[in-house]
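S.K.: Residue numbers (our numbering), protein chains in the order written: chain H, 1 to 294; chain P, 1 to 412.
The set of hints was computed from the structure by calculation and includes no laboratory data. Keep in mind that a hint or two might mislead.
Residues from chain P shown here face chain H by an in silico Cβ test under 7 Å; the list is partial [unchecked claim]:
#: 1; residue: Asp175
#: 2; residue: Ser398
#: 3; residue: Asp401
Some chain P residues flagged as far from chain H (calculated, every beta-carbon gap over 12 Å) [as the list claims (entries may be wrong)]:
#: 4; residue: Ala50
#: 5; residue: Leu178
#: 6; residue: Val252
#: 7; residue: Asp257
#: 8; residue: Lys313
Everything numeric in this text was worked out from a predicted model, so none of it was measured. Heads up, the beta-carbon is just placed ideally off N, CA and C, and yes, glycines get one too.
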Amino acid sequence: MSSTWMTTRAWLLMLPLLVVMVAVIGWPLVDTVGLSFTDAKLVGTGGNYVGFDNYANMLSSSNFSRTLVTTTLFAVISVAAEMVIGVLAALLLNQQFHGRAVLRALMILPWALPTVVNATLWRLIYNPEYGALNAALTQLNLIDAYRSWLGEPGTALTALIVADCWKNFPLVALIALAALQAVPRDITAASLVDGAGPFNRFRFVILPYLAGPLMVALVLRTIEAFKVFDIIWVMTRGGPANSTRTLSILVYQEAFSFQRAGSGASLALIVTLLVTVLAVAYAALVKKTAGSAV
Amino acid sequence: MLKTITKTLVGAVFAGGLLVPHAFAETTLNALFMAQAAYSEADVRAMTDAFTKANPDVKVNLEFVPYEGLHDKTVLAQGSGGGYDVVLFDVIWPAEYATNKVLVDVSSKITDDMKKGVLPGAWTTVQYDGKYYGMPWILDTKYLFYNKDILEKAGIKTPPKTWEELGAQAKTIQDKGLLKTPIAWSWSQAEAAICDYTTLVSAYGGDFLKDGKPDFQNGGGLSALKYMVDSYKSGLTNPNSKEFLEEDVRKVFENGDAAFALNWTYMYNMANDPKDSKVAGKVGVVPAPGVTGISEVSAVNGSMGLGVTAVSKHPDEAWKYIEYMTSQATQNQYAKLSLPIWASSYDDPAVTKGQEELIAAAKLGLAAMYPRPTTPKYQELSTALQQAIQESLLGQSSPEDALKTAAQNSGL
């Protein structure tokens, strides 16, 4: 009896939130699904039912496949770099030293910055005429002339990834740092006594404690990176020659610039589906790691 | 007696109560402008303040976005149900805005005086299918700016009359070691690149469309892109041009790092302002050059207009505001960053004083303004062309192939 009551009470307590969620997420989502089967324009009403035409057109277009590759590259590289840098920063900030509190606070700054501000900042740094990066590299004699970092397809995506990493590694570091505090002192002390070197200590003693929380960070960051829009829109608008155009930018162009709400909706749903698959896969992984770590 | 006074007072309060809300009945207009080129934000605010002072019952909320966001912001605001009363729009959008009912047809409000007084080229900015969708406001084209100091040092007497000559002069400047890359353009993956390309298309006598189908991949359209690629590959063009917008071009020119630059009217007085510019007093301006045997000068129609949106609840007040903003008096008063749409303004000493060189260039340039194609699918066409231009510059594709692909992807 009490368990039924618990269940009822839980659902009752969740009800207000669920209503809000359905209103702000559920309804627009259903509306978008409906829209994706029509040829509706952005302004004006309705549109005619066109079946799966929008999906077929989108999936078969060369724009889509090229953009998917760009997005995947961006997501994989930036998330991997953020994980590595984040964990290293956390290990460092977990040491005892003077000024640690100040450094910990400073580290949050990039993450606390609005993305648009961050993107504008990096645009200035990469500026081909008076950017700080060009100035620094020429003064260090690493390059002999100023270069157009965001104007060359070879460097533009890398430049964006660096900017994204700078902004987002603190999130990973923060999560890792919290997890590090939970590593029992006596275990690390014991491993020292047993003669484990720094790498082995990290690999066999510390990492198991980090695995679960890091998985959460990985899921969050991958989903975010896959949906990336603002930082790229501000820095390159998908250029040069579409070499940094991601799926979200393609959705934006289709739905808003070209005003084809129908096919834009179908593309948006394809992206949603891809992200959902990723999220579910990760969730399974988290469950597994969490199970084995403890 | 007391009773009468009370009655009077009550009556007065009552009448006042009726009158007060009426006298202060405020109409609030939301207007969308751009914070880039042409009139500065400060100019637009000053003009608007003067309007609201003369019309105290109307309040105008101003919003400014970069040019790159102007189209999408307008359409999105309308698509989401809210929206602006007055919007600034580019010459390339009336076809799409009219087809999708973003702007209202204001043909009946255009008076004969307006029709007679405004330059014919300006009207093309707001017309589609024989109807008027607003008032022209910014009459603009791209001019060739040059650094008089550098040209003098290179021993060049007169600025170039043809694009070929421009290349030759740039080569001289480069050979004499005055500048590494003397020409600056705005070839970022944006509409700015299309404006430079259109200027060249007009010089080479090309066509964007023929019978509604893409024709830029042939003749003048192809020659225009080839010129851009040659200028880029020869090293005469600043290679960073491919990530420049107009503001970047202005900064490079003002820093003395460009001998030649293609840009809008606003750069003339800004580059001549010693506060921000190192080249103040050395700024020369002429119409963009032509091509021997084809054209004397070249120009793109980069004008913009003000229109009333279909969702505006106060179309009459909105039009009144537009009339004020586009009036000859207002435009003559703020003629430093953007030139008036009114023909007689160009002979008014109040407008021409201190910028005679610009006015002389404008008389030739504005008369030669070449339109970008009028089609509801302009955004797609432009996006495809931007990609073609960038791929050709980067050597990923030949100009021929790139333009052929753009023609296929143009949606036309």
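S.K.: Confirm or reject each hint.
M.R.: To see whether the hints hold, each was checked on the structure:
1. Asp175: Interface hint status for P:Asp175: violated (19 Å vs cutoff 7 Å).
2. Ser398: 14 Å, violated
3. Asp401: 13 Å, violated
4. Ala50: 33 Å, holds
5. Leu178: Non-interface label on P:Leu178 holds, nearest chain H Cβ at 17 Å vs cutoff 12 Å.
6. Val252: About 6 Å separates P:Val252 from the closest Cβ of chain H, which leaves it inside 12 Å; violated.
7. Asp257: Non-interface label on P:Asp257 violated, nearest chain H Cβ at 7 Å vs cutoff 12 Å.
8. Lys313: 17 Å, holds
Of the hints listed earlier, those the structure fails to meet are numbers 1, 2, 3, 6 and 7, in rising order.
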